[in-house]
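Each chain is listed here by its residues.
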Amino acid sequence: SQTIHQWPATLVQPVGSPLSLECTVEGTSNPNLYWYRQAAGRGLQLLFYSVGIGQISSEVPQNLSASRPQDRQFILSSKKLLLSDSGFYLCAWRQATNEKLFFGSGTQLSVL
Amino acid sequence: DQQVKQNSPSLSVQEGRISILNCDYTNSMFDYFLWYKKYPAEGPTFLISISSIKDKNEDGRFTVFLNKSAKHLSLHIVPSQPGDSAVYFCAASLYSTSGTYKYIFGTGTRLKVLA
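Those sequence lines, one after another, are chains A and B.
My numbering applies: residue -2 is where the first sequence begins, and numbers increase by one.
My numbering applies: residue 584 is where the second sequence begins, and numbers increase by one.
Isolated chain B, as found in the complex (with noise of 0.2 Å):
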């Protein structure tokens, strides 16, 4: 059961422009959800979160949205820079009966900014 799903594998954006990263999840008890940024064979970088009880955190060029009604979050990078260029995860935490949070995780989506 994939409770958060990346359902775009790859993204090509021009540099200086948007790129919209989108993220699905089904349990409406995650209580935070996060971005990562991942190169290969090393691990990965958080990025930026947002709790459950807002829709909108910035920082710098990065913003995320929730849209609880539509169990969807995205990442938003403005300007596109060409170091953006790496996988991606969307994560959700939840609280377990082992008396913290687990963080699920999404299958990524690649991202390549062209210069």
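Looking at chain A on its own, in the form it has when it is part of the complex (with noise of 0.2 Å):
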């Protein structure tokens, strides 16, 4: 079966640092990726999506850049954080040929 592993679950970082949270995907080949973030009280914004190794499709200009240097591995980076990069990061998987999509278990952010 496959199952999706996000990491870490929860991240405490100060305003100016790098970021890197990874996504990894187990079970299935080709996967479309997908990350997305919650604000505080807040829905899902898309922001970043994947069909294949190196292509990367960004849904809103923002300090977030992502990567998806293998088949099943996704990464959300940032230079320099900002107070507003605070959230709740969502990894999320497709099959090509399903329309569901299913998340990882999240990381919870919080810029200082």
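Since the hints were made in silico from the structure, they are not lab data.
By construction, the Cβ of each residue, glycine as well, lies at the ideal position given by its N, Cα and C atoms.
Hints are not guaranteed to be accurate.
Said to hold, decoys possible - Straight line, CA to CA, 25 Å or less: simulated DSS-like cross-link-like pairs of lysine-lysine:
1. B:Lys620 <-> A:Lys97
2. B:Lys654 <-> B:Lys639
3. B:Lys654 <-> B:Lys588
4. A:Lys97 <-> B:Lys637
5. B:Lys639 <-> A:Lys97
6. B:Lys588 <-> B:Lys695
7. B:Lys685 <-> B:Lys639
8. B:Lys685 <-> B:Lys620
9. B:Lys588 <-> A:Lys97
10. B:Lys654 <-> A:Lys97
11. B:Lys654 <-> B:Lys637
12. B:Lys639 <-> B:Lys651
13. B:Lys685 <-> B:Lys637
14. B:Lys651 <-> A:Lys97
15. B:Lys637 <-> B:Lys620
16. B:Lys651 <-> B:Lys685
17. A:Lys97 <-> B:Lys685
18. B:Lys620 <-> B:Lys588
19. B:Lys651 <-> B:Lys620
20. B:Lys588 <-> B:Lys651
21. B:Lys654 <-> B:Lys685
Claimed, not checked - Taking beta-carbon pairs under 8 Å as the criterion, some of the chain B residues facing chain A (in silico):
22. Leu617
23. Gly626
24. Phe629
25. Ser676
26. Ser679
27. Gly682
28. Lys685
29. Tyr686
30. Gly689
31. Gly691
As the list claims (entries may be wrong) - Where chain B lies over chain A, by a calculated footprint (3+ residues, C-beta under 8 Å):
32. 44 to 53
33. 86 to 93
34. 96 to 109
Build the complex: two chains, separate frames, hints provided.
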């Protein structure tokens, strides 16, 4: 069966520090991968999505970037965190033949 | 531009009664509509989906209705149970020029089922 791993579960970072969140999917190949963010009391905002290695689509211009160095690995990065980057970050995946989107357990990021 | 809207931030229902969660959308190009359940500090869990070519889909206690002319969908939970208490998100999928679907989510409705 397919599983998605996301880490770390919680992260506290100072303003101006770098960020790297990693997500990996097991049990499938060529998944479509997604990064979402949920700010406090808000809905889920689509940040990036990818159909394959090195292919990244950005939804919202901001202080973040994404990379897909391997088929089942998706990384969210920032060179310098802002206070507004705080939130709950979620990785998700889907098979190209299925409309269902499956989420990881999320990373709670607090920028102080 | 909020293409998917959930206008009710919260809903309280008595155990055993019906819960109805609503969602409105603006883009007629959406292909699928999905409902997710989310607990605090956890990832959303898929509940049920419906294709844009259908008007109803049922799975156990959960039924989703789609009214394309009104650009409106609803999730019915019957009977409601205390374990259903969570935040429910409506989502819609849209094919993008990148060669895959992107999913637009509403802001969520917090359901509380009272015992």
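Verification of the supplied hints:
1. B:Lys620 <-> A:Lys97: Holds, because 13 Å separates the two Cα atoms, which is no more than 25 Å.
2. B:Lys654 <-> B:Lys639: 14 Å, holds
3. B:Lys654 <-> B:Lys588: OK: lysine 654 of chain B and lysine 588 of chain B at ~11 Å, within 25 Å.
4. A:Lys97 <-> B:Lys637: Measuring from Cα to Cα gives roughly 16 Å; hence the hint holds.
5. B:Lys639 <-> A:Lys97: Holds, because 17 Å separates the two Cα atoms, which is no more than 25 Å.
6. B:Lys588 <-> B:Lys695: This hinted pair holds, its Cα atoms lying about 20 Å apart.
7. B:Lys685 <-> B:Lys639: 23 Å, holds
8. B:Lys685 <-> B:Lys620: 19 Å, holds
9. B:Lys588 <-> A:Lys97: Given that 25 Å is the threshold and the Cα spacing comes to 20 Å, the pair holds.
10. B:Lys654 <-> A:Lys97: 21 Å, holds
11. B:Lys654 <-> B:Lys637: 13 Å, holds
12. B:Lys639 <-> B:Lys651: 11 Å, holds
13. B:Lys685 <-> B:Lys637: 20 Å, holds
14. B:Lys651 <-> A:Lys97: Holds, at about 20 Å.
15. B:Lys637 <-> B:Lys620: The hint holds at about 22 Å.
16. B:Lys651 <-> B:Lys685: Answer holds: lysine 651 of chain B to lysine 685 of chain B is near 20 Å, not above 25 Å.
17. A:Lys97 <-> B:Lys685: Given that 25 Å is the threshold and the Cα spacing comes to 11 Å, the pair holds.
18. B:Lys620 <-> B:Lys588: Distance ~16 Å between lysine 620 of chain B and lysine 588 of chain B Cα, so the pair holds.
19. B:Lys651 <-> B:Lys620: Measuring from Cα to Cα gives roughly 23 Å; hence the hint holds.
20. B:Lys588 <-> B:Lys651: 15 Å, holds
21. B:Lys654 <-> B:Lys685: 19 Å, holds
22. Leu617: 7 Å, holds
23. Gly626: 3 Å, holds
24. Phe629: Since chain A brings a Cβ to about 5 Å from phenylalanine 629 of chain B, closer than 8 Å, the hint holds.
25. Ser676: Because about 6 Å separates serine 676 of chain B from the closest Cβ in chain A, which is inside the 8 Å limit, the hint holds.
26. Ser679: Because about 7 Å separates serine 679 of chain B from the closest Cβ in chain A, which is inside the 8 Å limit, the hint holds.
27. Gly682: 5 Å, holds
28. Lys685: Cβ of lysine 685 of chain B sits 6 Å from chain A, so the hint holds.
29. Tyr686: Status holds, d = 5 Å.
30. Gly689: 6 Å, holds
31. Gly691: Check passed: Cβ of glycine 691 of chain B comes within 6 Å of chain A, closer than 8 Å.
32. 44 to 53: holds (count 3)
33. 86 to 93: Held - the region 86 to 93 of chain A has 4 residues with a Cβ nearer than 8 Å to chain B, which meets the minimum of three.
34. 96 to 109: holds (count 9)
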